[in-house]
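Protein sequence lines correspond, in order, to chains P and E. According to my numbering, the stretch in the first sequence is residues 34 to 237, in order. According to my numbering, the stretch in the second sequence is residues 293 to 762, in order.
Treat the hints with care, as some may be off.
Just so you have them, the derived chain E footprint on chain P, three or more residues with Cβ under 8 Å [what the hints assert, rightly or not]:
#	region
1	83 to 89
2	94 to 105
3	170 to 179
Listed below are several chain E residues computed to face chain P (Cβ distance under 7 Å; list not exhaustive) [to be verified]:
#	residue
4	L309
5	R311
6	G360
7	P367
8	L368
9	D547
No lab work stands behind these hints: they were computed from the structure. Where is the CB? At the ideal position from N, CA and C, for every residue including glycine.
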Amino acid sequence: MSIRAVIWDLGGVLVRTEDYTSRDRLAARLGLSREELEDVVFSKDSGDRAQLGLISVEQHSENLRQRFGLQRSEMDRFWKDFWGGDRLDAELVTFIRSLRACYKTGLLSNAFSDLRHYVTHVWKFADAFDEMVISAEVGLVKPDAQIYHLALQRLGVAPQEAVFIDDMPRNVEGARAANMHAIRFLSPQQARSELEQLLNGGIG
Amino acid sequence: MNTEELVGLSLAEAGRLVRAREISPVELTQAHLERIARLDGKINSFITVMDEAAMQQARQAEAELARGERINGQPLGALHGLPIALKDLFETAGVRTTAGSKFFSDYYPEQDAVVTSKLKSAGAILVGKNNMHEIALGLTTVNPHYGACHNPWKLDRVPGGSSGGSAAALAARFCLGAIGSDTGGSIRVPAALCGVVGLKPTYGRVSLRGVIPLSWNLDHAGPMARQVLDVALLLQIIAGYDPEDPVSVDIAVDDYLLGIQRGVAGWRIILAEDDYFEHTHPEIAQAVRQAAKVLEEAGAKIETAPLPGARDAALNNGMIVVSDAAAFHAERLHDQPEGFGADVLQRLQIGAALPLVDYIRARRSQVEMRRQFARLFEKCDLLLLPTTPIAAPPISGPDALELARWLTRYTAPFNLTGLPALSLPCGFTSDGLPIGLQMVARPWGEARLLQAGYAFEQATDWRFRQPELM
Numbered sequence: 034m035s036i037r038a039v040i041w042d043l044g045g046v047l048v049r050t051e052d053y054t055s056r057d058r059l060a061a062r063l064g065l066s067r068e069e070l071e072d073v074v075f076s077k078d079s080g081d082r083a084q085l086g087l088i089s090v091e092q093h094s095e096n097l098r099q100r101f102g103l104q105r106s107e108m109d110r111f112w113k114d115f116w117g118g119d120r121l122d123a124e125l126v127t128f129i130r131s132l133r134a135c136y137k138t139g140l141l142s143n144a145f146s147d148l149r150h151y152v153t154h155v156w157k158f159a160d161a162f163d164e165m166v167i168s169a170e171v172g173l174v175k176p177d178a179q180i181y182h183l184a185l186q187r188l189g190v191a192p193q194e195a196v197f198i199d200d201m202p203r204n205v206e207g208a209r210a211a212n213m214h215a216i217r218f219l220s221p222q223q224a225r226s227e228l229e230q231l232l233n234g235g236i237g
Numbered sequence: 293m294n295t296e297e298l299v300g301l302s303l304a305e306a307g308r309l310v311r312a313r314e315i316s317p318v319e320l321t322q323a324h325l326e327r328i329a330r331l332d333g334k335i336n337s338f339i340t341v342m343d344e345a346a347m348q349q350a351r352q353a354e355a356e357l358a359r360g361e362r363i364n365g366q367p368l369g370a371l372h373g374l375p376i377a378l379k380d381l382f383e384t385a386g387v388r389t390t391a392g393s394k395f396f397s398d399y400y401p402e403q404d405a406v407v408t409s410k411l412k413s414a415g416a417i418l419v420g421k422n423n424m425h426e427i428a429l430g431l432t433t434v435n436p437h438y439g440a441c442h443n444p445w446k447l448d449r450v451p452g453g454s455s456g457g458s459a460a461a462l463a464a465r466f467c468l469g470a471i472g473s474d475t476g477g478s479i480r481v482p483a484a485l486c487g488v489v490g491l492k493p494t495y496g497r498v499s500l501r502g503v504i505p506l507s508w509n510l511d512h513a514g515p516m517a518r519q520v521l522d523v524a525l526l527l528q529i530i531a532g533y534d535p536e537d538p539v540s541v542d543i544a545v546d547d548y549l550l551g552i553q554r555g556v557a558g559w560r561i562i563l564a565e566d567d568y569f570e571h572t573h574p575e576i577a578q579a580v581r582q583a584a585k586v587l588e589e590a591g592a593k594i595e596t597a598p599l600p601g602a603r604d605a606a607l608n609n610g611m612i613v614v615s616d617a618a619a620f621h622a623e624r625l626h627d628q629p630e631g632f633g634a635d636v637l638q639r640l641q642i643g644a645a646l647p648l649v650d651y652i653r654a655r656r657s658q659v660e661m662r663r664q665f666a667r668l669f670e671k672c673d674l675l676l677l678p679t680t681p682i683a684a685p686p687i688s689g690p691d692a693l694e695l696a697r698w699l700t701r702y703t704a705p706f707n708l709t710g711l712p713a714l715s716l717p718c719g720f721t722s723d724g725l726p727i728g729l730q731m732v733a734r735p736w737g738e739a740r741l742l743q744a745g746y747a748f749e750q751a752t753d754w755r756f757r758q759p760e761l762m
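Next up, chain P with everything else stripped away, as it sits in the complex:
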């Protein structure tokens, strides 16, 4: 069965933390290691529930504020520092846009409730995708098989007709468990080359 859809993860793939200076500085200020800070933001009950959409990103931010004993006025800075080293890979976005001529494209991200806003109004690349499936919106997170099926259903393709690209091994495994093709993202060059091989049916 040939590939009809290409589905992308966002964090660590399309948007990558290229410069850890501000995040490290923030962690140090809070007396944590970078990994500990990331763990608190992305998981640890509040982060998990924010990604599941059980609480809004605003509530998650308030929980972090309370946890770290910060003022409400300090939270803008907190997030600026946390995300400060993140860069959108504009070239990769251009590549995804070019895929739309022949393939359906999708975004499948474990993220907070404000991601759609960022993709649409801040980074402005919502047009690169036929469908965006965001965990906080749909109440499911990768690697739950149901969220892959939801993305497939929205794109109108069978699992074997889709390829999924993610930097996290467990999400890649989740996609394979759902019978999709999957590529572990290590670098844009590597991912594009593996994808192109797959799309060309391994001929080239």
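Once you have looked at the hints, place chain E on chain P.
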């Protein structure tokens, strides 16, 4: 899962199953509506059942779940597909909102109350509008216009009031959650009498815009459910600053689920005991002392202490309620007094005739009491007392009215002072009626209050008891 199992779920568990796509909003809503149709004839907990609208909402919720987003592109909410009921004083656009009054029997609001719209945005399915004491001014929910509501534990007993329909509907498993209002005890008293959980939040925590008022100074909207976690989930949705509500306060909302399981080890808890509590039925006093022991075993330090000012606070609360109600209903009271039921008319007339000086003194005492009660929490984390001195009184009979008078004795002080207070089941009387334990915390301390409630609930098994309804 069969119908019985579906209606027996907690709100939190049902929410998890819906989001995991293991049960559908349609089957869940249908199970509740069928149960209402089959059994509410005996309970009369609804003034309006929104069956068609609810089924339509449920079908839409199901389609949204399949697609993973709301029709208008909105994310699925935390209450997606879950059947919730509203006390009939929360305005619902296009759906009759009576406040239990004859005067509002034909009132179809154009807009939703803030609470209503927050529930809808969170994906809740509104199954109906609950019966209540007429205009919320009373504790029995023996409503002369829409019929008396019956306590599911014993049909000849009142469910309490004024949010009696809400508590009865929860106990009867007609909905998974409900929103009530509390001006002297109207969430906590029926919660106690029907064996469910009810929370009156801090004054200003939940918007009152679109809630038909009883007292502008003392009304509180709050969540009710069968378990503490469910009440926390509902509060999370309805809490928050509303710049258009003049008494709403701009204080950040806590995450009520984060840390709810942390327990009470090391807490200082005061069990209120003085002559004001002498009239508590011995079985209730015993159940509350036993509850204190449970918390002690969970690591809290329990002290007994008097609660000076409780009597005055309750009295002053009552004075302000009847006066404010008489002001809000002034024209109706003047033009058509016969449109009110006898008990409510009497209270409104007392309110209308109350000397101004008494009212002013009551308001002044409110300011003082707020300070005095808040100070109590400099020395302790939680206050413990019975929710009511008696269990559910009979609907009719020689003692009915006299007994109902006692019901707000322990709850009203916390309306006057605006402190957050929770009622949850802590036992049963020897004749099988539920007993409510009241927990009170410092202003804006809902998260801690729910944490204590959860600790107590998990250490006991009262939440698993339910009335037999045939």
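Here is what the structure says about each hint:
With a threshold of 8 Å between beta carbons, the proposed coverage of the region 83 to 89 of chain P by chain E holds, since 4 of its residues qualify and at least three are required. Coverage of the region 94 to 105 of chain P by chain E holds in this model, with 5 residues showing a Cβ closer than 8 Å to a Cβ of that chain against a need of three. A stretch counts as covered by a chain when three or more of its residues have a beta carbon under 8 Å from one of that chain; for the region 170 to 179 of chain P and chain E the count is 5, and the coverage holds. Annotation: L309 of chain E was flagged as interfacial toward chain P, and the flag is violated, the nearest CB pair being 12 Å apart, outside 7 Å.
At its closest, the beta carbon of R311 of chain E sits 4 Å from a beta carbon of chain P; the interface hint therefore holds under the 7 Å criterion. The criterion of a C-beta within 7 Å of any C-beta in chain P is met by G360 of chain E, whose closest approach is roughly 3 Å, and the hint holds. The beta carbon of P367 of chain E is positioned within 7 Å of a beta carbon in chain P (closest approach about 4 Å), and the interface hint is therefore held. Given the 7 Å rule on beta carbons, the hint for L368 of chain E holds: about 5 Å separates it from the nearest Cβ of chain P.
The interface hint given for D547 of chain E holds, since its Cβ lies 5 Å from the closest Cβ of chain P, which is under the 7 Å cut-off.
Of the hints listed earlier, the one the structure fails to meet is number 4.
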